[in-house]
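Visitor: First to last, the protein sequences are chains A and B.
Residues 8 to 183 (the numbering used here) are what the first sequence spells out, left to right.
Residues 26 to 452 (the numbering used here) are what the second sequence spells out, left to right.
Since the hints were made in silico from the structure, they are not lab data.
Owing to the predicted nature of the structure, the values given are computational and were not obtained by experimental measurement.
Treat each hint with caution, since some may be false.
Heads up, incomplete: computed chain A residues facing chain B, CB under 7 Å, no partners named [unchecked claim]:
id, residue
1, I48
2, T49
3, D52
4, A70
5, V79
6, H167
7, L168
Listed next, with one range per pair, are the computed distances between beta-carbon atoms [what the hints assert, rightly or not]:
id, chain 1, residue 1, chain 2, residue 2, range
8, A, Q111, B, R446, 36 to 42 Å
9, A, E115, B, L433, 50 to 56 Å
10, A, L36, B, S156, 49 to 55 Å
Each residue gets a CB set at the ideal place from its N, CA and C atoms; glycine is no exception.
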Amino acid sequence: MTRAAALLSRIAAALSGAVLVLCLVLICLGVFARYVLDAPITWIDHVAGWLVVATVMLAAPEAQRRFEHIGVDVPVRTVGPRWARVMFLFGVVSVAAVAVILVQQGWETVAFSRMIGMATNVEGVPLWWPQLLVPVGAALLLVVACVQAITLLRGGRPEHLPDTPDDTPRDLLARE
Amino acid sequence: MTFLLLMVALVALLYAGMPMFAGLFLLSLGVLWATEGTVAALGEQVFNQLDGYLLVAIPLFMLMAHVMVRGRVVDDLYAAAFAVLKRVRGGVGIATVLACTVFAAISGSSVATALTVGKIAIPQMLRYGMSRRGAFGVVAAGGTLGILIPPSAPMVLYAYITETSVSALFAAGLIPGLLMAAAFALYCMATEGKAAAPENDTAEPQADTKTLSRSLWALSLPAFVLGGIYFGIFTATEAAGTGTLYALVISALVYRAVSLRDLWQGVEDAARTASMLLMIIVGAAVYGYMLTKLRIPQQLTELVVAWGVGRLGFLIMVMVLVFVLGLVLESFSIILVTMPVIMPVMNQLAIDPVWYGVLLTLNLEMALISPPVALNLVVIKAITGAPMSEVNRSILPYMLILAGGLALLICYPGVALWLPRTLGYGG
Chain A
8 MTRAAALLSR IAAALSGAVL VLCLVLICLG VFARYVLDAP ITWIDHVAGW LVVATVMLAA
68 PEAQRRFEHI GVDVPVRTVG PRWARVMFLF GVVSVAAVAV ILVQQGWETV AFSRMIGMAT
128 NVEGVPLWWP QLLVPVGAAL LLVVACVQAI TLLRGGRPEH LPDTPDDTPR DLLARE
Chain B
26 MTFLLLMVAL VALLYAGMPM FAGLFLLSLG VLWATEGTVA ALGEQVFNQL DGYLLVAIPL
86 FMLMAHVMVR GRVVDDLYAA AFAVLKRVRG GVGIATVLAC TVFAAISGSS VATALTVGKI
146 AIPQMLRYGM SRRGAFGVVA AGGTLGILIP PSAPMVLYAY ITETSVSALF AAGLIPGLLM
206 AAAFALYCMA TEGKAAAPEN DTAEPQADTK TLSRSLWALS LPAFVLGGIY FGIFTATEAA
266 GTGTLYALVI SALVYRAVSL RDLWQGVEDA ARTASMLLMI IVGAAVYGYM LTKLRIPQQL
326 TELVVAWGVG RLGFLIMVMV LVFVLGLVLE SFSIILVTMP VIMPVMNQLA IDPVWYGVLL
386 TLNLEMALIS PPVALNLVVI KAITGAPMSE VNRSILPYML ILAGGLALLI CYPGVALWLP
446 RTLGYGG
C-alpha cells in the first residue's frame, strides 16, 4: 500500500515537473511569437494559468509524502517523540480532511460546469477540463495522507518523517 | 476582535501540527459552517484563486532559483566580491553582504541565500578574525535581502492579492533593498574593521579572470529580468520565463556545473516548492470567503474610522501585528492572512499599496530573523553547529538596522516610491 501510494505520488510529481517545463516553453514561445514573429498568441496566458493549477495540485501529494508542506515546525521539535507522533498524525489527518472536501467540492464544480456546458476563452476547451485538476490532485493527496495516517496509527514510521530536531528546513526555497 | 481571535485559533492549529494550508482551510470552513450553516462553490473558488496569470511567475521564479542554486553560481560570486573588497576595511564582511545581495536577487529566497553564501563566507570571515557573532549576524541579515530585492516571490503574491502592479513593487523594493545592504556593510565596516588576512594565507577564494567573467554572467541575470520588466519588454510572468531560460543557458554553457539529471531534479523540486507555497492559496480561498461573509474587513474599516485612527497610527498597529505574526508564520501565509482584512482600510486611509508592500516586505525580513521561527538562524546553526543562543544574539544589531530602515520608510515614503514614480508606474 505504501509503495503504491509512493509510486502514484512520484508519477504525479514527475508530471507536475513536466507541466512546469511546458509552462516555461509556452511563456517563452509567447515572447518569441510577439517580438520575432509579430504574431501574439493570446491563448497562452489562459493555458499557463491552468498549467500552474496542474503544477500545484499534482506536486502537492509528493510534498505531503515528504512532510514538506509549510507549517510551524518549532513545537514538534521541542516535544518528546510520543507527542511529536500525535502532532504528525493530527497534521496528516487534517490534510486528509481537506483533500476529502476538495475532492467532493471539486467534483461538484466539474459536474456543474459540464452540465451547463461552460466554455473557456480558449476555443474548444470546456471549463471542466482544467477544473478537473483540483479533484484529481486532491484525490492523490488523500491517498498519500491516508497511507501516512494508517502507518502512524499502526505504530509504523512513514517515509520521510522528520526526526532530527536540528534539521534545517528541507526545501529552503519555499521558506523565503 | 473577531480577527484577532481567528489569528489565535489559527496559530493554535498550526502549533498542534497542521500544515498552513490545512489550518487556514479547515478553520475557515468550520467558522463558515458554524455561522452560515453551508458553504457553496468551494471547488470553483479554489480553482479561480489558483488560476491567475501573474501566479505563473512564482513557479517560474522558483525554477530559475533552483537552476542557479544548482549551478554553483555563489562560489564565483563570493570569490569575485572577495577579490574586489578584501583590501577594504571590513572587506571580508562587506564581500559577504555583496554576495548575499546579488544571490538574493537571483534566488529570491532569504533562507537559500543564508545557506549557500553562509557555507562559503562564514569559514572565510572567521579565518580573517571576524567575531563569531559578527560572521553569523551578517549572513543571517544578508540573507533577508532575498525578499526585498527584486525579483521576489512574496512581492508577486502581494501584487496578485492586492491587484497592485508587480513592476511598481519590484521597482519600489530596489532602493530600500540596496540601502539595507549598504547599512549592513557599513555596520560590518564599523564593528569588524580589524578583520584581516591571516599570515601565509593559502586558503582564500581564488578569483582569476575566468571567475570574474563568470560572475558577470550571474550578475547579468537580475539585470536581464528587471531590465526586461522596467523597459516594458516583458510582463513579470514573461520575465520569470525568459529569466529561467537565461539561467538554464548560463548554467549549461558558462558554469557547466549542472547535468541533465540535476536539471530535472531542479524542475521537480521547483514544482514541489511552488506547490507548497501555492497550496496556502487553496486555504486562503476559503479564508477570504469566510472574512467576506463575516464582514470582518468592513467591521475593521468602520472601527478605524470611528476611532479616528490616522494613517500613521494604523500603519504602526499593522506593522506590530505583522511582526508578531512573523514570529510564528512565514511570509506567504502572513500576506494571505492579513491582506484581505487590511486592504479595505488601506483604501479608506489612502495608503499607497506599493509603499505598504515594501513596508510589509521589510517587516517580514525582520520576522525572518526573529526567533522562534527564524529560519535564517536555524540555517546558520546547522552550518556552524554554534549554540542557538549565540546565533540569536548575533542578529540583534541587524534587527535594529532593519527597524531603523522600516522607520525611515514610514517617515519618508519617497525612498520607496521615487523609483516606481520615475519609471512611470504611478506608485
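Visitor: Was the hint right that D52 of chain A lines chain B, CB cutoff 7 Å?
Guide: Holds. Min distance 5 Å.
Visitor: Can the hint on V79 of chain A be confirmed by a CB-to-CB distance to chain B that is less than 7 Å?
Guide: The hint holds - V79 of chain A has a Cβ within 7 Å of chain B, the shortest such distance being about 4 Å.
Visitor: Under the criterion of a CB-CB separation shorter than 7 Å, is I48 of chain A in contact with chain B as hinted?
Guide: violated (12 Å)
Visitor: Can the hint on A70 of chain A be confirmed by a CB-to-CB distance to chain B that is less than 7 Å?
Guide: holds (5 Å)
Visitor: Have a go at the T49 of chain A hint: is there a Cβ in chain B nearer than 7 Å to its own Cβ?
Guide: At about 12 Å, which exceeds the 7 Å cut-off, the nearest Cβ of chain B leaves the hint on T49 of chain A violated.
Visitor: For the hint 36 to 42 Å, verify it against the beta carbon of Q111 of chain A and that of R446 of chain B.
Guide: The hint (36 to 42 Å, Cβ to Cβ) is violated, given that Q111 of chain A and R446 of chain B are roughly 49 Å apart.
Visitor: Could you tell me whether the CB distance from L36 of chain A to S156 of chain B stays inside 49 to 55 Å?
Guide: holds (52 Å)
Visitor: Quick check: does the Cβ-Cβ distance between E115 of chain A and L433 of chain B fall within 50 to 56 Å?
Guide: holds (51 Å)
Visitor: Minimum Cβ distance from H167 of chain A to chain B below 7 Å?
Guide: violated (12 Å)
Visitor: Are L168 of chain A and chain B close enough, Cβ to Cβ, to be under 7 Å, as the hint says?
Guide: Interface hint status for L168 of chain A: violated (12 Å vs cutoff 7 Å).
The structure fails to meet hints 1, 2, 6, 7, 8 from the earlier list, while all remaining hints are met.
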